[in-house]
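K.L.:
Here the protein sequences line up with chains Y and L, keeping their order.
So the first sequence is numbered by the working numbering: it starts at 15 and just counts up by one.
So the second sequence is numbered by the working numbering: it starts at 15 and just counts up by one.
Hints were generated in silico from the structure; no laboratory data involved.
Be careful, since some hints might not be right.
Remember, identical chains collapse to one label, so a pair may be satisfied in a single copy or spanning two.
[Said to hold, decoys possible] Once the Cα atoms are required to be at most 30 Å apart in a straight line, the calculated DSSO-like pairs of lysine-lysine come out as:
1) 78 to 220
2) 233 to 98
3) 123 to 161
4) 82 to 233
5) 123 to 98
6) 78 to 219
7) 82 to 123
8) 98 to 220
9) 82 to 121
Protein chains: 2
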Amino acid sequence: MKNTPKLLIFDVNETLLDLSLMERAMNNAFGNEAAFQIWFHKLLMYSFAETIQETYNDFGAIGKAVLKMVEAHFNVHISEAETKTILNHILNLKPHADVVEALQALKTKGFMLVALTNGSKDALEQQIENAELSAYFNALFSVSAVKVYKPHANTYKYVLDSLNVSVEQAMLVAAHGWDIIGAQQAGLQTAFIEREKKSIYPLGKKPTLSCRSLKELVKQLS
Amino acid sequence: MKNTPKLLIFDVNETLLDLSLMERAMNNAFGNEAAFQIWFHKLLMYSFAETIQETYNDFGAIGKAVLKMVEAHFNVHISEAETKTILNHILNLKPHADVVEALQALKTKGFMLVALTNGSKDALEQQIENAELSAYFNALFSVSAVKVYKPHANTYKYVLDSLNVSVEQAMLVAAHGWDIIGAQQAGLQTAFIEREKKSIYPLGKKPTLSCRSLKELVKQLS
């Protein structure tokens, strides 16, 4: 790498935290193996749609709203209590197997580590605490402060401005193609983490690094 | 209705044209009943992501690109020839059963009818011709002229400016929640057509009209 970053900005859901617990619970409730995928895609779609039409609702509220749309999609009714149980899983996710060791190694190497999520600040704080990752992060950021969703440039800039770090010194680490292209377009370096089922967006700017896991990110940054 | 529109702007895919032919072909190719839904959601997600990060690629190119991502998602390889066959189905879709009669009735009643799609202008023209709907439309519009995707306000305004029609005189007719909220937010009236599996976005502005079919739209506009 010609320009090693000093700040690593981590996406949270799927990049650090394993959503399979929530996926199983939702698929069970709907009796359909695609329910979670449809829900998660709709959650992102409607978050993006709100940013495009210049409105803003909290990510959690959008998640609950689009679950109603998924009910209509599959013609299945989920009770209010069950809805709450399923959606609350997002606060209690485990980190992927490579996360703790990689964050520890990156921290030891002197990188500044922060998290940036489309989720709310409250949810993010609970997620990181419940996943026992608090010790690794210098700061936690939610797009709720700027009221637009990633991949809007203002979300990445908000983190950089808050920490007084220049765009050249920062790298976004994410398992989502749309997050990678947004950050790359905004001038940050990026590292794509190839989680299961995930791939980069073929028409977007290429990530600076592509890694099979966070362990490989540690290696590539060394 | 307190304010009958004079211009009806129709969304195309799913609202007028039945995508089930394409859905079956794609699901067969992937051997998975959710493949088309995942693909269509990704197509919209990445179109929206491009608009948010202020880039633009043609809808057809995005459709092809995200099909590669769906291949990675399901760990299935689709040949170049089969990809072309599947994606070309979008040019040869049949109208839903209620479309021809409703468009004829609306035209007879004196409404100005146009179509507005996130698809390319070329694709739209072929779709409308192959579906034998050309006779009903005064004009066909693609967002490619403004290089942002619906639900961006500029897409709806582009149609109004082109036809010199005021926002109060226009109604968007669509089966997609995200299209309805965008047009409603931009100041147009809207009619949501409740196609199978479709529902409105619970957090958005309510549509002016909700209709089970285009026949019901004709009735509600009479």
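K.L.:
So, for every hint listed, does it hold in this structure?
P.N.:
Hints, verified against the model:
no.: 1; hint: 78 to 220; result: between (33 Å within a copy, 17 Å between copies)
no.: 2; hint: 233 to 98; result: neither (40 Å within a copy, 40 Å between copies)
no.: 3; hint: 123 to 161; result: neither (33 Å within a copy, 44 Å between copies)
no.: 4; hint: 82 to 233; result: between (43 Å within a copy, 28 Å between copies)
no.: 5; hint: 123 to 98; result: neither (40 Å within a copy, 48 Å between copies)
no.: 6; hint: 78 to 219; result: between (32 Å within a copy, 17 Å between copies)
no.: 7; hint: 82 to 123; result: neither (45 Å within a copy, 36 Å between copies)
no.: 8; hint: 98 to 220; result: between (38 Å within a copy, 25 Å between copies)
no.: 9; hint: 82 to 121; result: neither (41 Å within a copy, 35 Å between copies)
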